[in-house]
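**Q** Now for the letters of each chain:
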Amino acid sequence: MICQECNQRPATLHFTKIVNGEKTEIHLCEQCAHEKGEMFMFPHQGAFSINNLIAGLLNMDASLKEPKAPSFHNEHILQCEHCKMTYAQFVKVGRFGCASCYETFRTYLPPIFRKLHGGHVAHEGKIPKRVGGTLYVRKQIGQLKQMLQELIAKEQFEKAAEVRDQIRELETKLNAEGGA
Amino acid sequence: MNEYVFFQRALSPWMNEEGPDSDIVLSSRIRLARNMKQYSFPTVFTNEEAMQIIQSFEQLFSQRRLGHIGPFFLLKMNELQSIEKRVLVEKHLISPHLAEDCTFGACLLSEQEEASIMINEEDHIRIQCLFAGFQLKEALKMANALDDWIEQHVDYAFDEKYGYLTSCPTNVGTGLRASVMMHLPGLVLTQQINQVIPAINQLGLVVRGTYGEGSEALGNIFQISNQITLGKSEEDIVEDLTGVVRQLIEQERMAREALVKTSNIQLEDRVYRSYGVLTNSRIIGSKEAAQCLSDVRLGIDLGYITNVPKTILTELMILTQPGFLQKYAGGALRPQERDVRRASLIRERLYQWK
Ligand SMILES: [Zn+2]
Ligand SMILES: [Zn+2]
Numbered sequence: 001m002i003c004q005e006c007n008q009r010p011a012t013l014h015f016t017k018i019v020n021g022e023k024t025e026i027h028l029c030e031q032c033a034h035e036k037g038e039m040f041m042f043p044h045q046g047a048f049s050i051n052n053l054i055a056g057l058l059n060m061d062a063s064l065k066e067p068k069a070p071s072f073h074n075e076h077i078l079q080c081e082h083c084k085m086t087y088a089q090f091v092k093v094g095r096f097g098c099a100s101c102y103e104t105f106r107t108y109l110p111p112i113f114r115k116l117h118g119g120h121v122a123h124e125g126k127i128p129k130r131v132g133g134t135l136y137v138r139k140q141i142g143q144l145k146q147m148l149q150e151l152i153a154k155e156q157f158e159k160a161a162e163v164r165d166q167i168r169e170l171e172t173k174l175n176a177e178g179g180a
Numbered sequence: 181m182n183e184y185v186f187f188q189r190a191l192s193p194w195m196n197e198e199g200p201d202s203d204i205v206l207s208s209r210i211r212l213a214r215n216m217k218q219y220s221f222p223t224v225f226t227n228e229e230a231m232q233i234i235q236s237f238e239q240l241f242s243q244r245r246l247g248h249i250g251p252f253f254l255l256k257m258n259e260l261q262s263i264e265k266r267v268l269v270e271k272h273l274i275s276p277h278l279a280e281d282c283t284f285g286a287c288l289l290s291e292q293e294e295a296s297i298m299i300n301e302e303d304h305i306r307i308q309c310l311f312a313g314f315q316l317k318e319a320l321k322m323a324n325a326l327d328d329w330i331e332q333h334v335d336y337a338f339d340e341k342y343g344y345l346t347s348c349p350t351n352v353g354t355g356l357r358a359s360v361m362m363h364l365p366g367l368v369l370t371q372q373i374n375q376v377i378p379a380i381n382q383l384g385l386v387v388r389g390t391y392g393e394g395s396e397a398l399g400n401i402f403q404i405s406n407q408i409t410l411g412k413s414e415e416d417i418v419e420d421l422t423g424v425v426r427q428l429i430e431q432e433r434m435a436r437e438a439l440v441k442t443s444n445i446q447l448e449d450r451v452y453r454s455y456g457v458l459t460n461s462r463i464i465g466s467k468e469a470a471q472c473l474s475d476v477r478l479g480i481d482l483g484y485i486t487n488v489p490k491t492i493l494t495e496l497m498i499l500t501q502p503g504f505l506q507k508y509a510g511g512a513l514r515p516q517e518r519d520v521r522r523a524s525l526i527r528e529r530l531y532q533w534k
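Keeping their order, the protein sequence lines are chains F and Z. The first sequence runs 1 to 180 under the working numbering. The second sequence runs 181 to 534 under the working numbering.
Hints were generated in silico from the structure; no laboratory data involved. Keep in mind that this is a model prediction, so the values were computed, not measured. Hints may be right or wrong, so weigh each one.
[Unchecked claim] Some but not every residue of chain F turned toward chain Z, in silico, with C-beta under 8 angstroms: (1) 96; (2) 120; (3) 122; (4) 128.
[To be verified] According to the in silico footprint, chain Z covers these stretches of chain F (three or more CB under 8 angstroms from chain Z): (5) 85-95; (6) 98-108; (7) 112-118.
For every residue, glycine included, the Cβ atom is placed at its ideal position computed from N, Cα and C.
Next up, chain Z with everything else stripped away, as it sits in the complex (with noise of 0.2 angstroms):
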């Protein structure tokens, strides 16, 4: 396998798979982060010393395997172009500061895109594992698998009280941010997320949009994690964040069967029209786009819809991001060619399941 089809293919290979709760939580994912004793962390080290970690797993990984786990990539983001680092950004795989700040930064990225391990990004190593549907445990496992993997051969900066240490407070103690990506048209459509967001917030989660910025949710995706890493346990921490989603999925399911008993040809309707826009339109916006394919989603879950596969909504989503129009296109876009772009792009993948 070549290093490039990363930035080619949209969905990751692991986006393919039939998770649990999958008509309702997209993907799952647990990031640890860690840093080694003996370095300054990220925000204040030399480029020697930022230069001795990239090193150290340079020689790690010379298997290109982390314990069973691999084979892997390492990806250093001094030698990718700026679209490349976009795209990766677009897919979740790394992130922004990661992308745009830090010189010295790298990923060691798994062929099936399940793993990704950030080095030199906020902290020192940012492990993170990706799971299709409702898998926060199996994603949990797998993070603790490369964890104690890599921890046999680096000295993890642990203190007996605060445990992990890390770059900012808010992660201190285990280090762990497990998140969700959720699908609620449903709760959106009959205004039940107003009530929800701050419930869930009340409880020490945090609610934001997947895409979009502030508060708005394109594609009525919605992102929710933990916020305190220090007191609990990890195990603890994800049978938290556990409950509440399953609450999340049963209100969900309620409000779209109450949708489609109260208003089923609306509903119906609603959907072939999105349907129909994205088949035909010629210019449009990553707004329009994304509340189409929600609509579009919905209708497969609801069965109106049966020629289109599910994970239609994440793929479009994914690809008609600035960075994979641009990848595509070869080169800069500005706006408005990214919107006949996009809406080129997304009635070519309809096409085929026409």
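Chain F on its own, in the form it takes in the complex (with noise of 0.2 angstroms):
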């Protein structure tokens, strides 16, 4: 399929307009997307919807977009540190640009992943092996400093020592499998 903007390139994204129930599809290549990309930013003003993008449901769902920032100038303050992607960006393409955009737009993926996955927000399967392991001795460390600091409170000190040890122990195990 032909781009019907440039009727040059081949069209890759392809769009539903919706206007007074009545549908018409829009195929457009990539560029020219991006120079009409103003109009399909704006989805409650144009009434446009992206159809083969997750950005389409990111879209046509209002409570998908940031609840407390309806103004275009608070989208852009959400942006990830490592690869600068916005969230308006993220909203717009339908695609993380890297690992830290899901730490970058925390708070905002639970409702997207509820919509995407049939209500289900965290994940159940497979643990990678080394990545997985130190998770699990992060998870025990936590516990630990979390008890010696009620032995200390209690001033159960002898305790509180042993604990202590333990939690160097682990700390040092985690150090020599590369802080990971």
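Make the complex out of the two chains shown on their own, each in a separate frame, by following the hints.
**A** Right, here's the structure in full:
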């Protein structure tokens, strides 16, 4: 399919325009879609929705937009430090830029995932052996540190010293594994 | 073995094996999406990042093996001709996206073509394992083995809450896409397919034609896959899909039985007419070829035709795609020329078993 704007490049993006319940299909190449981007970025104004992309879902459903940031300026504040992707860009392209994006946009993700994954918001499957290994140790250290605080508060210093040694042992182990 | 055989043979060696329920399930596929922690995802990464990723894989696989699986061959997209890339797509070994849009894309391919690892596609790594017939669990086992081995050598992007982090939010969690390719002529002929597809969709599974555009399924070949990747374990995803596929197999078998009982001679007539078209036509389009191949394959499964091997459907469906036709012709072909080539290629192939 050829882009209907430039009639040259192949159309890779497919949009559906809905006006008064009437559907119109629009097929554009990446470049032309980019040039027309303004129009597609404000679906509530132009009544555009992106069909084949997740962005369609994100755009169509008002509840998935940044809840407390209705204005354009606020959307730009939320930006991934590592890859520089903004939340507005994420909504537009429907793709994360890097692993850190998940951290940066964390508070907005549950409703999106719920919608895409049949109500699920947390991983239940495989844990990689190496990364999972340190994950397990880090969880243990967290629990022990909490215990340590409680023991100190109760002035049980002998037991606290034991727990502190355990924490040190685990931390050494963690560092030996590369600190990941 | 030389790499060029990947572009020569239409049937991957694994396709010659007869898997369980292979009268209906043509193949089973598992795909795992993985990313490395330190690099941006392929949609936004820099050229340097892309090259570093390829380099790290070149080193990893210098022994030509990944753990106990191999040997593997590394094919870089920018070193392949466009017809060669197209052939790999037609064999389902790489995606159209990798072939067409990924300048720094590459693919690690096992000798038997049952394992393929796409590098720098939408995610840094996409592990794919293909098995003949209905063998999703076996495919998952192999994909897991490759995944475990790679994970010993690279730092995956993994989150305690969200699991494996992927470029697209539809893949997050397990990064797992399990799918089966099914030949369902019985359900199509009895028109039950129109009720079956919406029912499967309601279960959170996706049905689409393997060949052809949009909702049409050329050759009555359908692909059924999971949609949800988050919140379910790999085993549960495969188990859920397996349950639905089992039911579909039963329904297809019942439809075939009913057709034989109620219209045996009409069915036999249809099968032999299609065989006649394939063995005699001089010009044939991809749609008609696919329909006739589906009829002939059904005829083999029902015992009307005994001289042609079952693999004919899969093999000729792949062999008569534009990429392969042009590969054999040694250059670009116009659509009408393709139809002539397609007809002669099918005739030649079927002549072997006359
Ligand atoms: Zn254009
Ligand atoms: Zn990012």
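**Q** Broken hints, numbered, in rising order?
**A** none
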